[in-house]
Every structure is written in C-alpha cells, then in structure tokens.
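**Q** Listed here are the chains, written in short residue letters.
Protein chains: 2
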Amino acid sequence: MTSYSDALLTDLYELTMAQAYWRSGVMGQATFSLFFRGYPKDRSYYVFAGLEDILDYLERFQFSDDDIEYLRSLGRFDEEFLQYLADVRFTGDVRAMREGTVCFADEPVLEVRAPIIEAQVIETYLLNQATFQTTIATKASRVVSAAHGRSVADFGARRTHGADAALKVARCGYIAGYNATSNVKAGAMYGIPVVGTMAHSFIMAFDTEIEAFRAFTHAFPDYATLLVDTYDTLHGVKNAIEVGKELEQEGHVLRGVRIDSGDLALLGRESRRLLDEAGFRDVGVFASGGLDEYEVERLVREETPIEGYGVGTKAAVSADAPYLDSAYKLVEYASRPVLKLSSKKQSLAGCKQVFRVPGPGSLYEKDVIALLGEDAPAKRAAPLLEDVMSEGARTVDPPPLDQLREQLAGELERLPSRYKALRGAPRYPVEISPHLKKLQQEVVRELRDKELGE
Amino acid sequence: MTSYSDALLTDLYELTMAQAYWRSGVMGQATFSLFFRGYPKDRSYYVFAGLEDILDYLERFQFSDDDIEYLRSLGRFDEEFLQYLADVRFTGDVRAMREGTVCFADEPVLEVRAPIIEAQVIETYLLNQATFQTTIATKASRVVSAAHGRSVADFGARRTHGADAALKVARCGYIAGYNATSNVKAGAMYGIPVVGTMAHSFIMAFDTEIEAFRAFTHAFPDYATLLVDTYDTLHGVKNAIEVGKELEQEGHVLRGVRIDSGDLALLGRESRRLLDEAGFRDVGVFASGGLDEYEVERLVREETPIEGYGVGTKAAVSADAPYLDSAYKLVEYASRPVLKLSSKKQSLAGCKQVFRVPGPGSLYEKDVIALLGEDAPAKRAAPLLEDVMSEGARTVDPPPLDQLREQLAGELERLPSRYKALRGAPRYPVEISPHLKKLQQEVVRELRDKELGE
Numbered sequence: 000m001t002s003y004s005d006a007l008l009t010d011l012y013e014l015t016m017a018q019a020y021w022r023s024g025v026m027g028q029a030t031f032s033l034f035f036r037g038y039p040k041d042r043s044y045y046v047f048a049g050l051e052d053i054l055d056y057l058e059r060f061q062f063s064d065d066d067i068e069y070l071r072s073l074g075r076f077d078e079e080f081l082q083y084l085a086d087v088r089f090t091g092d093v094r095a096m097r098e099g100t101v102c103f104a105d106e107p108v109l110e111v112r113a114p115i116i117e118a119q120v121i122e123t124y125l126l127n128q129a130t131f132q133t134t135i136a137t138k139a140s141r142v143v144s145a146a147h148g149r150s151v152a153d154f155g156a157r158r159t160h161g162a163d164a165a166l167k168v169a170r171c172g173y174i175a176g177y178n179a180t181s182n183v184k185a186g187a188m189y190g191i192p193v194v195g196t197m198a199h200s201f202i203m204a205f206d207t208e209i210e211a212f213r214a215f216t217h218a219f220p221d222y223a224t225l226l227v228d229t230y231d232t233l234h235g236v237k238n239a240i241e242v243g244k245e246l247e248q249e250g251h252v253l254r255g256v257r258i259d260s261g262d263l264a265l266l267g268r269e270s271r272r273l274l275d276e277a278g279f280r281d282v283g284v285f286a287s288g289g290l291d292e293y294e295v296e297r298l299v300r301e302e303t304p305i306e307g308y309g310v311g312t313k314a315a316v317s318a319d320a321p322y323l324d325s326a327y328k329l330v331e332y333a334s335r336p337v338l339k340l341s342s343k344k345q346s347l348a349g350c351k352q353v354f355r356v357p358g359p360g361s362l363y364e365k366d367v368i369a370l371l372g373e374d375a376p377a378k379r380a381a382p383l384l385e386d387v388m389s390e391g392a393r394t395v396d397p398p399p400l401d402q403l404r405e406q407l408a409g410e411l412e413r414l415p416s417r418y419k420a421l422r423g424a425p426r427y428p429v430e431i432s433p434h435l436k437k438l439q440q441e442v443v444r445e446l447r448d449k450e451l452g453e
Numbered sequence: 000m001t002s003y004s005d006a007l008l009t010d011l012y013e014l015t016m017a018q019a020y021w022r023s024g025v026m027g028q029a030t031f032s033l034f035f036r037g038y039p040k041d042r043s044y045y046v047f048a049g050l051e052d053i054l055d056y057l058e059r060f061q062f063s064d065d066d067i068e069y070l071r072s073l074g075r076f077d078e079e080f081l082q083y084l085a086d087v088r089f090t091g092d093v094r095a096m097r098e099g100t101v102c103f104a105d106e107p108v109l110e111v112r113a114p115i116i117e118a119q120v121i122e123t124y125l126l127n128q129a130t131f132q133t134t135i136a137t138k139a140s141r142v143v144s145a146a147h148g149r150s151v152a153d154f155g156a157r158r159t160h161g162a163d164a165a166l167k168v169a170r171c172g173y174i175a176g177y178n179a180t181s182n183v184k185a186g187a188m189y190g191i192p193v194v195g196t197m198a199h200s201f202i203m204a205f206d207t208e209i210e211a212f213r214a215f216t217h218a219f220p221d222y223a224t225l226l227v228d229t230y231d232t233l234h235g236v237k238n239a240i241e242v243g244k245e246l247e248q249e250g251h252v253l254r255g256v257r258i259d260s261g262d263l264a265l266l267g268r269e270s271r272r273l274l275d276e277a278g279f280r281d282v283g284v285f286a287s288g289g290l291d292e293y294e295v296e297r298l299v300r301e302e303t304p305i306e307g308y309g310v311g312t313k314a315a316v317s318a319d320a321p322y323l324d325s326a327y328k329l330v331e332y333a334s335r336p337v338l339k340l341s342s343k344k345q346s347l348a349g350c351k352q353v354f355r356v357p358g359p360g361s362l363y364e365k366d367v368i369a370l371l372g373e374d375a376p377a378k379r380a381a382p383l384l385e386d387v388m389s390e391g392a393r394t395v396d397p398p399p400l401d402q403l404r405e406q407l408a409g410e411l412e413r414l415p416s417r418y419k420a421l422r423g424a425p426r427y428p429v430e431i432s433p434h435l436k437k438l439q440q441e442v443v444r445e446l447r448d449k450e451l452g453e
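Chains as they are written, first to last, in numbering that gives the first Met the number 0: chain C, 0 to 453; chain Z, 0 to 453.
Rather than coming from a laboratory, the hints here were simulated on the basis of the structure. For glycine and all other residues, C-beta sits at the position ideal for the given N, C-alpha and C. One or more of the hints may lead you astray.
SDA-like mimics (lysine to any residue), calculated; alpha carbons at most 20 Å apart, straight line [said to hold, decoys possible]:
1. C:Lys-237 to Z:Glu-450
2. Z:Lys-436 to Z:Ser-346
3. C:Lys-449 to Z:Ser-346
4. C:Lys-365 to C:Gln-352
5. Z:Lys-237 to C:Gly-452
Here are some chain Z residues the structure puts well away from chain C; computed CB gaps all over 10 Å [claimed, not checked]:
6. Val-25
7. Cys-350
8. Leu-371
9. Leu-446
Residues from chain Z that face chain C, not an exhaustive set, calculated with beta carbons under 7 Å [to be verified]:
10. Leu-8
11. Phe-60
12. Ile-67
13. Glu-450
14. Gly-452
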C-alpha cells in the first residue's frame, strides 16, 4: 500500500526552493524565527502550544520511497536532487518556549537553526501546529479565566476541524486549565480525566424521560448526571429529583443535572431552587450548549448557581478568532542577519532571545526581545527560549501535561490582571533591546541601499 | 506500543449510554438523521462533504484491545459490557447525499439505520467529519463563485487546524472547484494538481533579489512564477522582467509574478502595465495574502488584471463561519418515530428522503423533505439520499474526485443566482411534505400528553 510521510505535508514551494538552493549551492546554516504578528480582536496574550508535535515531527522527518516517487511523477524535479532529498533528515537545533508559556505578539516562540534546506522544508508543518494549537490554548485559557475556579470540560470533539484536531484541542484545553474532556481517545492518549453521561437521543429511545433516567442510574448508580432539557427543563429536574430519591434509598447519590439549552441563568437558578427544596444541596447543576468565555463570564458575574461548564464548539474552533497571523521568517543566513522589508510586515533580523522582566511583587512588568547572547536586561529577567533539540535529537523529555498546566497557571497569576481582561485589555509592553534595534537599522539601511538604490 | 482506534474517538457519554442501553435491553433498530440547523451569517447553501471519511470509518469500526483496556481502567464499565463492546462492528445501513451535493438547512444529508448502540457510538465522529468538511467545502464554493472563472489554488496548509485538516481542506477545495493545492501530500493522496514556487525567505537567502530570481529560473526554467514583494513590489516586477528577458534568450518563458501583500488592486494593475510594456503579455499576475471570497469578488468586480488567486488561511479555516450548527438526532426507535421537543430546537421525527424539485428551464425551484417511501412531490423531482452502505459494507465505490467536482459545478449552475449571492441571499425554499407535517404534529401531541400532562 502506498505510504506518504508527513515530510510530504508541505507546500510545494518549499521543495522547489529546496531544489533551487541545492542547484545554486546555497546550502549554509539558516536560522528561522516563528512568531505571531499582532493580535486578533479581544486577544491580549497567547498561550504557546504545539511544541511536542513539532519535535515529534522533526525527529521522524524523512521522505518515504512513495513520497519521492510521487515527486518524480511531477516531472519538474532533477533526479539527482530527488536522490539527495531521500537522504535528508532534520539535523538542526531548536530553541523554543515551553508549551503553556504565556507569550506576546512579535516574540519568537521558536527558533530553528539548520542547513537551509532542512530549515525551509519544515516551515509548513511547524506553522500549522504552532498556529493551530496556540490559537486553541489561548482561547481555552480565556474560558478558564472566565470560569473563576468553576470546573470546565472540553465537549468539542464533534465540531473540531477533523479527528486529529479533536485530540489536540483536548490536550491544549487541559494545559490551559480545563478539568476534563469528553473525548475518550484524548483521555487515553494524554491521561486527561474524561467526563460524560447522556445525550437527548438516550432519553428519546425510552418511552418516557423518567424511564430513561432510571435505566441510566441503574447502569451507573454512582456516576449519574441527568440531562434534563429534552422535553421541558424544569419538568426534567422534577423527574431527576424523583429518581434521585430512589437512588438514595438504594444507598447511592445523584451527581447532578445538566442543562444544554435555553436561558441558562434562569434555568440554572430555578433548577438549583428545586434541588435545594428537595434536600439535594450536593447535587450539582451543570451547563453546556453554545458556551464561550463571554457567556461563561456573564453567568459567573450574575452568580448563577452553576458548578461546572461544558464548552464545545466555540472554544474548540476558537470561533471568534479561528487563526493567528503567524510567521516563520528567515532571520539569519550564513551568519548574515536578514529581514523582509516590504509592506507593513517588516521582520526582526538576527537570532534572538526573549526575556521576561518581573516588577515589584514579582508580577510581570514587560518583555524584552534581544539578540541571542545578549546580557539579560535586568537582574531577575528570565530567558524564555530554551534548547529543546540539538542536532535533530530532543534534549529534554516531554514534560508531563500536569506540569505544563501548573506552570501556565503560575504564569497567569503573575500576569497583571488588566492584561487578562476578556475585552479591551491594554497591550503588555514588549520592548526591543538597543542592540537588536541597532542591528535592525543597519540591516534595513543596507537593504534599501542594495535593493532600491536609495 | 499502545494503539488506540478511532472507535475510541467518541464522547464518553456515547459509551455510558451504550452500557445503559445494553443493561436495559434497549437494543432495537434506531435511525439517526444528520443535518445542519439554520445558516451562519452570509451562508445561503451548503456543499455537503465528509462522506468518504465517514464510510471509511464505519467499515473499519472496531475497538482495539488497548481501547477496551483503557475503558476498563476507568472503573465504571461492567466487564460483561466491555466484552460485548469488543465485538461490536458497524452492521447498519447508511443513506446519504453524495459529497459535493448542494444542500440546505434542516435537510438530512445522511441517515443511519442500525442497532441503537452501533448507531449511537458513531455520533461524535460522524458529526465531526460532516460538520468540518461541509464548512470548508461551502466556504471554498463561495471563493470559486467569486473568482468567476479565474483560477483558484488552496494555500491553506500552514493555517488549518492540524495536519489532517490540511489534507481534508485541499480535498474539499478541489471538489468545490479549486484548480490546485500547494499541499504536496494532498496532491499525492487525492490526485489534485499541485502548485507553488518560492517564499520570501528564498529571496532573503540570496545577496540580492535578482540573484534569487536567477537561481530559481536556473533550477526551474519552465516553472517560474517569481515572488516580487519581498522588498518593493514594482521594483521586484522590474527585476522579474529583466530575468524574464534572460530566460527568453535561453528559449524559456517566464510564467508569472506573484504579489503577496499590499494593495492588490493597485499593484496588480501596475504590475500588468509594466509587464505589458516589456512585451510580456502572456506572463500572468497572481495574487495571494489574506484573500477570501469577499476580497476576490471585489478584485474581480474592479476588473483587476489578476489571473489567479491563492487562497490561504481565511478559506482554510472558514474564518467568518468556522463551524456549522450540526445535529445527529434519533428520529425513529423500534419503528416508533421520535423527536426532541424542548427549546427552539425541535427535530423532525421519522426516516426521511429529500426531493429537489426543478422549475421551468430546469433551474432548482425548491426542496421537499418527505417521509421515506413517500411518492416524489413532482414528476421531475430527484431524491437526494442514496443507499451508500448496507449491513456495514459500502454499496458503491468512492466516486473519482473529478466526478464530484463536475457534479457540483452542474448543480450550482442550476441553483438560481440569487441564492448564490455572497451577502444577503434570500432563503431557498425547503418544504415539509404534508405526510411528514402530519406525523410531526401527532408525535408532538403524544409527547406533550405523555411527558407534560398537557
């Protein structure tokens, strides 16, 4: 059977450029910088994610025989080049922020240094993973922030952009602070707690709602959260209370009720009242259905007695900002710093480091983008880009997900709250070091001179 | 190595429901209907996609030993049930619209009839594929419509939601009428033409832009479209013209120039003028950079001399509508028609067929959702749901992509143009047959009576 590798998951131009580099003998060391330009509406920080998938990809990077055969069939590549390509592995170095690091526009989150062909052909895959996963982790972090300590579960598997995306969304959500996912395969692969009880179809498969509740609690006497909105929510709560009392007599406890439609603030309060009146103060009210950070924040602000939120589609596709303007730019070739001049997208030349500078009380004050090798701009400033791959091999084991999750929670505590406002947050200050600024000016001047004769 | 199957790529509640069905002996035949509710802003029709991946999934559906072991580890499933689950295969029937069929809100695009547990546990995967791929195919169809015959290529691989999504996006785009993709693996897997030349980094790796152009045309004398906006677009066009003349002397022809930033209307016109003045009337101007159907339509309306468009991110994530409100609802259980009553989301009971009714001149006039087995509402009305799977096996071979593409193009020609307006299109009429309406009223009355005592 034909087998194409992920090395082939690249834009054709990466490979045509590779052949042109190869034929021109342009085979020197290149450094590329991956960063995000600006912010979509309502975003004021990013949560970097996608690194583990990137490192996996780099470690196994290799064109298969079928890949090469397909490229040959296109009739535009030199045979000698194809033979060279078949032997290419990724032998470069990678410095990157850890997954779950809070980061900001224009900051390199990852830098690759490798022979230019290796560093070039991986562009598409690296941008894909970093952009997608950072988009999702950032959105999820906003939901967690809006929930103010109430539990959040990922219910997005049915609406993500494909099956692979469903797994990554669950993982990014967990790093961002979700408590669980409904996605069983993600639970198995990443060790994330899984949650879930029943859908409307379950209720409808039985003659009556209360029969469906009884069938479910019979099968799961200790794990029953009953979905109450199939026919009429408050009527459903009354049925749940009746079944809850039956459970009690058998020595079990009803866990909760879930509302998936309607006015969640109103129905949440009324459901709570009915449960309390029946003596079910420990039976939780859970909500789902079209939720995002804005709606969760509203419900929390109105003190709706909802204990946990299931967030699906809108978080899982980052509906209000489904992509970021990411870039993977050549910043140095053969020890020569370079940049892209045109339009409003001038990039920063040279290999870099990002420093995070704490202020009084250890809250973050600002970041400084500096040249690699520069001294820290302040005593307690922490460098964010770490060596993660050397000569094509990981230099550190993948950290446990729980560690990334705790680290992010700690970072967000140190980010002053004004930068975490869901809307209208001011820009966190990101400075360019004087050395980098000077280099930038020199390179721009030289380019203008050389290219435009100015 | 641990190996989890895609059967596990499901919401946990599908499996808890399955155990509850199993313990209650609720094991009858169920029919589920998959449909899209309403339209996102600016959508007036859908292009159904995702069927082939759904059928692949159903044919190979089987929990692996590791899947079962993981479920066991959760400590909430009965051992006997897990043993039952290990033997479950999909043995049901599927009726569906073909991929690339134009469809509308509320119309079932797919109906599954199977023992309830089989039909239930596949919900998450089916919704995921149908929703995502229909979202993308619909967006791509709008871009093609806006381009009015100019060529369109998918450049989205770097910004889709993961690597798997990049492949599906290229495939959906091709069905919708794109001419090519930059995604090499998608080209290899699906036989889609691939395109691409160079990125800004290629220009920057050389000392000067013109040296980079020469290196590229040297490597690909017959396939060179030169990227002209790295430093200054019109200056870049002049360099391209110089290299084009050198190519001519060697007996080759420059293919085109690509502009990836700035005011595309202005730069497109100016580039055309410079090329024409140099006698390069056959050298095309291609554009990319943040394009979507709205921007392409504007450029086409203004008669910008751009011959082809590369559309990336905004089409590849369907940025203005990154998801659809899809549903997979139980419509019949053990020969009893059922529906969900509450909220504003009442579903249509019973197994169905969708008829497309042509008017004079063979343009589409309306659709009718009818009960399965009903007579066609008009002589020339065509049924849209076809048998595609019987007892778990495909009944038809996957049609070639080009066939789906041509079929869609033909359908869109028959859809009156007012329904294809990018903005403000009226609603295409979708009627409910009198039989279905009557059944609906009966089921609602019976449910109100039984559940709410009304």
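**Q** For each hint, tell me whether it holds in the structure or not.
**A** We went through each hint and held it up to the structure:
1. C:Lys-237 to Z:Glu-450: holds (12 Å)
2. Z:Lys-436 to Z:Ser-346: Distance of about 12 Å is within 20 Å: holds.
3. C:Lys-449 to Z:Ser-346: Status violated; Cα separation ~67 Å.
4. C:Lys-365 to C:Gln-352: holds (14 Å)
5. Z:Lys-237 to C:Gly-452: holds (14 Å)
6. Val-25: Check fails; 6 Å does not lie beyond 10 Å.
7. Cys-350: Answer for Cys-350 of chain Z: holds, closest chain C Cβ roughly 15 Å.
8. Leu-371: holds (18 Å)
9. Leu-446: Incorrect as stated: the minimum Cβ-Cβ distance to chain C is 6 Å, not above 10 Å.
10. Leu-8: Constraint on Leu-8 of chain Z satisfied, holds at 4 Å.
11. Phe-60: Given a least distance of 13 Å, the restraint on Phe-60 of chain Z is violated.
12. Ile-67: Cβ of Ile-67 of chain Z sits 11 Å from chain C, so the hint is violated.
13. Glu-450: Status holds, d = 4 Å.
14. Gly-452: Result: violated, 9 Å to nearest chain C Cβ.
The earlier numbered hints that this structure contradicts are 3, 6, 9, 11, 12 and 14.
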